[in-house]
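Given only the sequences and the hints, what does the whole structure look like? Please build it.
Protein sequence lines correspond, in order, to chains V and W.
Everything in the first sequence is counted per the working numbering, starting at 1 for the first residue and increasing by one.
Everything in the second sequence is counted per the working numbering, starting at 1 for the first residue and increasing by one.
Since the hints were made in silico from the structure, they are not lab data.
No incorrect hints appear here.
Restraint ranges, calculated between C-beta atoms of paired labels, are given here: (1) 6(W) with 24(V): 32 to 40 angstroms; (2) 243(V) with 21(W): 47 to 55 angstroms; (3) 186(V) with 118(W): 25 to 33 angstroms; (4) 44(W) with 98(V): 47 to 55 angstroms; (5) 5(W) with 51(V): 54 to 62 angstroms; (6) 4(W) with 105(V): 32 to 40 angstroms; (7) 113(V) with 118(W): 32 to 40 angstroms; (8) 35(V) with 6(W): 41 to 49 angstroms; (9) 2(W) with 27(V): 35 to 43 angstroms.
Glycine residues also receive a C-beta, built at the ideal position from the N, C-alpha and C atoms.
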Amino acid sequence: MWKWLHPYAKPERAFALCTTLLPWFGVSALLILATGTIWGLAFAPADYQQGDSFRIIYLHVPSAILSMGTYSAMAIAAFIGLVWQIRTAHMAVAAIAPVGAVLTFIALFTGAAWGKPMWGTWWVWDARLTSELILLFLYLGVIALYQSFEDKEQGSKASGVMALVGVVNLPIIHYSVEWWNTLHQGATITKFAKPSIDSSMLWPLLLCILGLALLTGAMCLYRLQNELLRRESHRPWVRAMLLEEEQNAV
Amino acid sequence: MNPRRKQRLMAVGGIVVVVAGAISLMLYALGQNIDLFYTPSEIVQGKSGQKPQIGQRLRIGGMVVEGSVRRDPDSLAVSFDLVDTGPIVTVSYQGILPDLFREGQGIVATGHLVGETQIEAQEVLAKHDEEYMPPEVAEAMKGIKHVKPSESSYN
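In structure tokens form, the structure reads like this:
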């Protein structure tokens with residue numbers, strides 16, 4: 001059933017796949033993100049309580065959702081890498097982690113900037129904020145573990161285990177607002193009931209989420225290519241490719 | 001699946017299950033301590049059998065009762081009632097309230113319990129709900145007129 005996937009475990013095939021996908025992800029991300037952001041920031045109506053301050057939702061919610069989505073993607077890659085011992089999957093973990101860390105940081109930062117005028121405080125140690133901060137530390141831990149080993153194979157294994165263990169945090173982040181009393185409000189769109197946001201504000205938000213997801217994908221692909229080149233630099237296929245490019249340039 | 005892969009799968013799965021178990025036990029043990037605040041009924045009736053002591057420093061979260069905000073004309077002192085589903089707790093505070101502080105809105109206050117149902121707050125935070133809508137929709141759905149905080153009724 002999964003036979004068609006196997007060739008992509010080879011670094012050169014994975015590299016070629018990234019090259020094919022990258023322009024599609026990049027261009028669609030740019031278009032959708034631009035549409036969503038302009039629609040959300042300039043044309044969507046202001047909120048009845050928060051006025052224009054609510055517009056941080058178009059940056060905060062997509063980055064928060066994707067900080068968790070990216071983590072799942074990284075954990076799946078780590079799982080595949082550990083169980084099937086596929087080097088390309090380990091490289092994907094290393095490629096994804098910094099992107100996810102930046103998304104988490106954006107979510108925390110925009111939340112704090114919104115919290116000051118709305119709640120009256122930058123930070124409060126409630127369950128949602130704390131678990132999201134732990135997610136940032138998990139990302140940083142994965143990056144640090146990977147970097148701290150001279151032997152990248154060992155570094156991949158250690159960081160992969162850490163990435164997998166951290167998956168426990170994802171449901172905690174999501175359900176923190178239901179399980180405990182928090183200052184952070186409950187889920188607006190990531191629930192099974194009807195979203196509690198007016199449709200005139202919802203559509204640009206969905207576009208922003210999709211756009212940022214594509215942008216995240218594009219950045220991960222780009223980083224994976226770099227990682228592939230870095231770790232395979234002594235392999236014949238990299239040399240052959242470089243030689244070919246050199247000849248094309250001349 | 002060959003036996004070595006199976007072995008690795010078991011090892012990885014085992015680690016995740018053990019850690020998940022440990023963390024869920026920890027969260028279970030911490031239980032309500034992770035809650036950011038007491039609700040008014042928890043202050044009056046107690047939370048899991050424990051009533052907060054007078055003089056204890058705590059956080060309270062609840063809805064501001066409509067028409068309960070009383071301001072001192074000469075200072076920043078303000079007091080208001082909080083409610084969730086049952087009893088009412090009165091909060092007094094000296095300072096500037098956040099933008100989203102409205103009657104009927106949720107807030108979280110940090111302070112000391114000075115009487116059975118009396119709290120002296122050092123910090124008042126507004127808690128926002130998860131609903132977003134334009135002012136016209138809010139007016140049609142809930143009859144809420146959009147008022148800027150500076151023009152609202154309790155000033």
